[in-house]
Amino acid sequence: EAQVTQNPRYLITVTGKKLTVTCSQNMNHEYMSWYRQDPGLGLRQIYYSMNVEVTDKGDVPEGYKVSRKEKRNFPLILESPSPNQTSLYFCASSSLISGSPQETQYFGPGTRLLVL
Amino acid sequence: SQQGEEDPQALSIQEGENATMNCSYKTSINNLQWYRQNSGRGLVHLILIRSNEREKHSGRLRVTLDTSKKSSSLLITASRAADTASYFCATAPAGSYQLTFGKGTKLSVIP
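Just so you know, the sequences run in chain order A and B.
Residue numbers are given in this note's numbering: position 97 of the first sequence equals residue 97, and the series is strictly consecutive.
Residue numbers are given in this note's numbering: position 19 of the second sequence equals residue 1019, and the series is strictly consecutive.
None of these hints come from the bench; they were simulated from the model.
Quick reminder that beta carbons are idealized off the backbone N, C-alpha and C, glycines included.
Among the hints, erroneous ones may be present.
To be verified - Here are some chain B residues pointing at chain A (derived, C-beta under 7 Å):
#, residue
1, Gly1042
2, Leu1043
3, His1045
4, Ala1094
5, Gln1098
6, Phe1101
7, Gly1102
8, Lys1103
Using the sequences plus the hints, can you model the full thing?
This is the structure:
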C-alpha cells in the first residue's frame, strides 16, 4: 500500500530536549516536505527536499532542521524545542513531473507535539 | 507565505444540499489543488486543476478556475454527512517549488 508514515504520532516533551520526528514514504517520490498546522493559520511549510541531499527552507524554518540521506526518509529535527513549536506536524511527498514537485501531495497521518 | 484564502471559513448545510467553497490567490499559478481533512487527520488530495483548465469534475466534485480573477471554487453536490470535514485549497505558484495552503473552510453537513 502506498503510504507516508510518521513516528511518533503523539509526543510530549520539555523545552530544550532534542527530538526527531521520522517520515518515510514507499512511493519512490523525489519530493518530500514538512508542514505544521496551527489553529487559524492553516498549513505552513517548514522545509522541503527535491531529492537526496537537496533541501531548502519553506516559510517557517526557524528552530527546525532536516536531512535527506535516503530517498524514502525525511526526518524533522528539533534541536532545542520551545513551547511555540507545539503544533500538529505533517510530512508529505510527491513525484516530480517535468521537474516540478507541485503535483498531488500524499500526506502522512500527522504528529501531534506538545512542548512544555 | 500563504497565498490561497478560502471563503467562507465555515459552512453548515443540510444533507442533500450543495456546498460551495471559494479560494482566492494572489500570484500566477501552475495549478490549484483541493484537499480534504477530517478532524486532526492527514490531508487527502481531492482534485487538481491546471492553469490552462477552466473546469474539472470528479464524482460529486466540481472545480472551476478563473485565472483572470485569481479564484477557484469547489462544489460538492448532494452532500452527505460523511462530507463533514475541512477543505483546503493549495496553490502552486509559477516559478516556485512550493505548494502554499489556505486556512481552510470547515464544512458541516447535518443529517
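Cross-check of the supplied hints:
1. Gly1042: holds (4 Å)
2. Leu1043: Since chain A brings a Cβ to about 5 Å from Leu1043(B), closer than 7 Å, the hint holds.
3. His1045: holds (5 Å)
4. Ala1094: At about 9 Å, which exceeds the 7 Å cut-off, the nearest Cβ of chain A leaves the hint on Ala1094(B) violated.
5. Gln1098: Since chain A brings a Cβ to about 6 Å from Gln1098(B), closer than 7 Å, the hint holds.
6. Phe1101: Hint on Phe1101(B): holds, closest Cβ of chain A at ~4 Å, below 7 Å.
7. Gly1102: holds (6 Å)
8. Lys1103: holds (4 Å)
Of the numbered hints given earlier, the model fails hint 4 alone.
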